[in-house]
Amino acid sequence: MIRALAAAVAAATASIAFASATPGAAAPAFTLTDLSGKPVNLADYRGRTVVLEWHNFGCPFVQKHYRSGNMQALQKKYGKDVAWLAVNSTARTAFDYAEPAAIASDLKRFDAQPARYLMDTPGEVGLAYGAKTTPHMFVIDAQGKVVYNGAIDDKRSANPDDVKTAKNYVAAALDEIKAGKPVSTPSTTPYGCSVHYR
Amino acid sequence: MRKLHFCLLALAALNLGFIARIGAAPMVKTEHVEAELVTDKAAAKPGTPLTVGLKLRMEPQWHTYWKNPGDSGLPTRIQWKLPPGWKAGALQWPYPQPIPVGPLMNFGYEDEVVLLAELTPPANAPAGNATIAAKADWLVCKDICVPESGELETTLPVANAEPPQNPRFQAHIERARSHLPVAPPGWNSRAALRNGSLVVQLTPPAGVEVPAKARFFPELENLIEPAAPQKVTRDGSAIRFEMKLADPPLKDVATVKGVAVAESGWKGTERRKAIEVSAPVVASIAAAATTSSSSDAASATSVAVAIVLALAGGLILNLMPCVFPVLGIKVMGFVEHAHGDAFAMRMQALVYSIGVVASFLALAGIMLALRAGGSQLGWGFQLQSPAVVAALAALFLVLALNLSGVFEWGAFAQSLTSQLTARGRYADAALSGVLATVVATPCTAPFMGAAVGYTLTQDTAHALAVFLALGVGMALPVLALSVFPRMLRLLPRPGAWLDVFKQILAFPLYATVAWLAWVLGAQAGNDAVFALLLGLVLVAMGAWMYGRYEHWHGAWRSGIAMLLAVLGLVVAWPGAAPAGDAVATAQEELGWQPWSPEKVRELTAAGHPVFVDFTAAWCVTCQVNKRVALHNDAVRHSFSSHGVVTLKADWTRQDPRITRELSALGRNAVPVYALYAPGTDNPRLLPEVLTPSVVLDELAKLPAPATSLTQRSPERTVQ
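Residue numbers (our numbering), protein chains in the order written: chain W, 299 to 496; chain X, 2 to 720.
Bound-form chain X, shown alone:
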């Protein structure tokens, strides 16, 4: 008694405390919460379960906690006091919301929450009245925390008849039920704990799309750092959450349980926002993907399709303006040797193919390794470096000059390899395979970026398989010619026409140089283009000298030509840090504002529809779409009449923020077109190839703009 007295004194001194309630009632009002016991039925039937809920109505801005409260706080607890023989099921928690407190993060509920449980009266429950009682303890917090509790009870008639619904609480219980996480069938989940992070991957059944944005709430306290940002990516058809593990990490976690919440809802669950996750912990997610299961079979077929498409894509690459001339040279080489040793020719073709495939794999390997090292890269990364663009421009110029007849490789190439021996020819064949791949890259990136980028979101083995197919596809025509040498006979015999044909092939290469110069301009500004062109003049001078003074001593000739070429490259080499202003002006487009994730959030929250163009100067598809669709008058008019704010995310140079956003959208390459309806953060993605009608149709699906928005649209679209 004395101790109690002391306690009360202390409480008074601190101006804080419990509101103690003596005696139970259906509703208890505490300082910050109204608590009530609610049931879905107005009566109980023996042996038939009914749902009971603890409804907590918090004062505005006060919150109570989920079963894992996060960094601080306590979960609400209920102790049931039931008539004899009654059974209570586990507490069912609606999904929580994140509640940040300075640098800390809590998981809980604001406004109102109903915690549900199933109660089952025994089959022999006597008729009459049954009293369901509960002692509930909750911690309610705003700036400060107050532990509160209530003794609640409600009385139900028990009768052996179908119990009537309880209209008073129906809506509250229904709402709480709709907020419970569901466990849709056919989903597969896995978790991995490594290098200080927890990765949870959810794979939907075939054909079900995952949302772009979601958040994972683990059931286990102290498993993750609740306040650390979660990285959410789409990995093929799956969604992957990467979270920071608590330090020190919990030991012996065999299963990661929790709730994944997507504001846009989960497909295949009648738009429920929360799904239940129970993910077995595996050594690593990539390794887990190879263990077979029903959903992996589906992804295996999609990888097979990707491989076939890559084979076809590789074949088509041969017709690209950058590759065709090189292929032409190779085939012409075969024509010249058509009457020679068939075996040697076949071997050469094989070596050429190996050169192509190996270079594709090497390129893919470099990129995958860089990505594994944490670089934010996508396919097309080769062209994000101004230096690579400049070097490619010089290479294309040299190839074009060669085709124009300014100089002959002949002696030069042979002086690199041993003269005219079979081994020399093989080295030459392998080198031309490498060359073909190198010259193909500026074409693969812009035309096939989106497709190749998609496969990169698969695991490493699948990605490499697709690159292998791409390489084989590209080598296929040469391989076919070597296997069926009779096809060569169909080609006209070499003669004067061959020279003309070669010279004509030079022009697509000159065009490629012009395009690369434009790409460099967008990346590094006007001055860099001037430097590049000056450098190319020096390279051309070297090539001309090499061709003109054929009679000079080999070493001298090659030496001076190389010197000029190197000098040209030095002049053309773009500075490390291009002037930001020059780039900005180069990228300015009327009516398009620069993109940032904050801007999208802010604009959609303010009720504006937003269209984002993820683009890059080196992406040809992007440029075509721009000309054909986005800058079309009808489309522009529709943008402004719908009050759409148009943003441009320019990936011409490396930008980790854009790479992250692309992967959040499940992509890895440009173009990507995202249309955000007002108030949503989950965009609709438009196809990669746009026509005006595609864009107009999507815009027509937007909710009708409020008049005030339409009036204000002109000033918003122009910054």
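Pulled out of the complex, with its shape left as it was, chain W reads as follows:
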């Protein structure tokens, strides 16, 4: 009995490897499937700037940026130059897990336009990047290097009205990359709901 308990305690306390995609380091490679089940490899986008947006429509912080139209506007504005990939690392067992079909219809309803929406149900890619919240944003340059890791903007709230007055870190990074300048704010503290890993 005691042994069984001890084993259970040991299993519960065993920590999951949680890494971090640090600005300046190579972006961890991955292959994930999109909502229609097609594989998407990060390496396919080498030579283009890539934005990774950790996503879950069940999160009020994500809703903030979709209800205000903020995220769609960014996707549209930068979509020509940038590969915008939304990633969902929510575990299948989590309360806020959504099936691909449901996500597809929500995307349509919000007129969201990420280039691809990737399912990371085992959470491995999220853990490799150290994605903590939804949203949590990463920008990867054409050489496959992480150049931004952090929040979408500097107004840490779930209030859609704050979008108007916020400084958008991702837009700033993408503008700087386009102008051939280094990203001046490569790292911020992300805010939002916890990503519900297994």
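Heads up, some of the hints might be wrong.
[Said to hold, decoys possible] Listing some non-contacts, in silico: residues in chain X with all C-beta distances to chain W over 12 Å: (1) Gly-71; (2) Arg-78; (3) Pro-101; (4) Ala-172; (5) Arg-178; (6) Ser-386; (7) Val-473; (8) Leu-499; (9) Ala-523; (10) Leu-570; (11) Ala-635; (12) Ala-665.
[Stated by the list, open to error] Below, simulated DSSO-like cross-link-like pairs (lysine-lysine); rule was C-alpha separation at most 27 Å, straight line: (13) X:Lys-68 x W:Lys-465; (14) W:Lys-462 x X:Lys-258; (15) X:Lys-503 x X:Lys-600; (16) X:Lys-245 x W:Lys-443; (17) X:Lys-258 x W:Lys-453.
Hints are computed from structural coordinates only; laboratory data are not their basis.
A virtual CB, placed ideally from N, CA and C, is assigned to each residue, including glycine.
Starting from the structure of chain W, add chain X where the hints point.
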């Protein structure tokens, strides 16, 4: 308007959202929270501050956040709307609890929290009613997160009289106040950021003990990796937190602010659980320790005491069974030369002393370097390696055989150094100093492990000073004899008695060999002991041959003797990986279960008192305590009648988990005896030297066991 409409539609589609409240009230009920504005006084007096609180009562398992929410979440925010002239102080946050979410970590509150603030009405506040209003926003989360908000207000009469207490909320506010971090006077704190970790060290005023377990919550978001385990150690009288810095680390951090929380409470604060920390960032904590301040003066005196004690300890070492014979040989050498050149003798004594001190420092240096490199070592580490134990056994046997008269060093030692020249004698003196230290180590570890181990928790300079004192103390008798050669005259003249005396001195050394063989048995099993003894036979054969065939050509004689000795060592060399089973059976003791940190947690959580014996086979004090106290019938009976589960943490071989636990308890060596009362994770430490009455007294302080526990105790103490 159209946009609002769209928003509402979207909300409905997602089945989530705000509960919007129009109009303010003292209490607001949202989907998951009951929010209320509370005050400590039932009225306000102009110019006199009063305390107001935002009380949030969460649905079970839902939580709101601290000012640093951790990996995700948002801190609760309050915007005051006060009558003209009123001033609001900063929000006072009760200390948070860690809330793990999978691999992430949040800092916040479950059940209920009251966030406090001080409000001061102006001195000229008009009499009548004053309305205090607040708009509060909070994020409340369980599996999902819901941002909620409330407009709250409460009305107080303003009168120029002593305001009465508000009995309705008194308890809530008192509870919140008792959870606020305090800043006790006389504490000193420092922080260092290096190599990816944040170190925060808190030094209490003299005489105040720090808890063994605590957790640090930094105020700054994204400073540390909130989910990474914190390493908490006691460093002398101080407590030290080591945390993983966020990657990339924040830049330009000049002060690390936060809260240190200990479930057992902080001494000198009326058992408050949280203290406020504002630690200036210094280049490194060790360097900071040399800059003087009031609390460092206290630690300087304790280091002075440690040095004096080490000097005395070194002196006593000379009487230890492993050292005394070697000292004897040295002193006898002086006796033989007593009538010779006094200057040369004095120089020899000095060189011997340098040999002793240098070897002590070298040994300490090796260990400190290994520890700095991350090895989990404590004093006594020399004896944790079976190979070192085997080699020491062979060395002691050779020394003993020499004293027994099986062979003479004479020619052998001189063939190593140049013959009979003064320089040869100095080399001989220095070597015997080294030898004396090497043979002293198995004695220092078991008898002085705890004391020496304590000094190792100090910084490097202090630790080395203590080792220096130990070496000087050990060299002192020889130094004294050389400075006062007249003392030598008090010794009897050399003669036949000297041979007998030497031969008698051999026996403590044989006993030391026997003890080392037993230590090896505990480390590496029965087979290793057999190999050791066979090897020792070969070593003895070499020594005998060397002594018996004195007339042989020097090189041949030494060569064959060395060959046999090396062969003996090869045979005796313990295998790298001893059979785990053999070791386990060797360590089996009736009624004692093997220790693990999880087991302690699990047993104390289940309401059992737990006694942990941190021990090692090579620790003589441990063995004595075991015989005298722990295996005493009355003590055993008391263990079982109190329902105490007895665990044994065996440090005979290297075990990083045990080293970590020892340092969490502020120790670095065995023996350590820890008694955990049920439901606590902060043990009482018993003294290093146990008597039955010491143990019985401690057990008597335990809360009376429930009857069911007593009935079940026999089956629990035997696995």
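How the hints compare with the structure:
no. : hint                  : verdict
1   : Gly-71                : 9 Å, violated
2   : Arg-78                : 8 Å, violated
3   : Pro-101               : 10 Å, violated
4   : Ala-172               : 33 Å, holds
5   : Arg-178               : 28 Å, holds
6   : Ser-386               : 28 Å, holds
7   : Val-473               : 47 Å, holds
8   : Leu-499               : 61 Å, holds
9   : Ala-523               : 24 Å, holds
10  : Leu-570               : 41 Å, holds
11  : Ala-635               : 27 Å, holds
12  : Ala-665               : 16 Å, holds
13  : X:Lys-68 x W:Lys-465  : 22 Å, holds
14  : W:Lys-462 x X:Lys-258 : 32 Å, violated
15  : X:Lys-503 x X:Lys-600 : 52 Å, violated
16  : X:Lys-245 x W:Lys-443 : 24 Å, holds
17  : X:Lys-258 x W:Lys-453 : 23 Å, holds
Of the numbered hints listed earlier, those contradicted by the structure are 1, 2, 3, 14 and 15.
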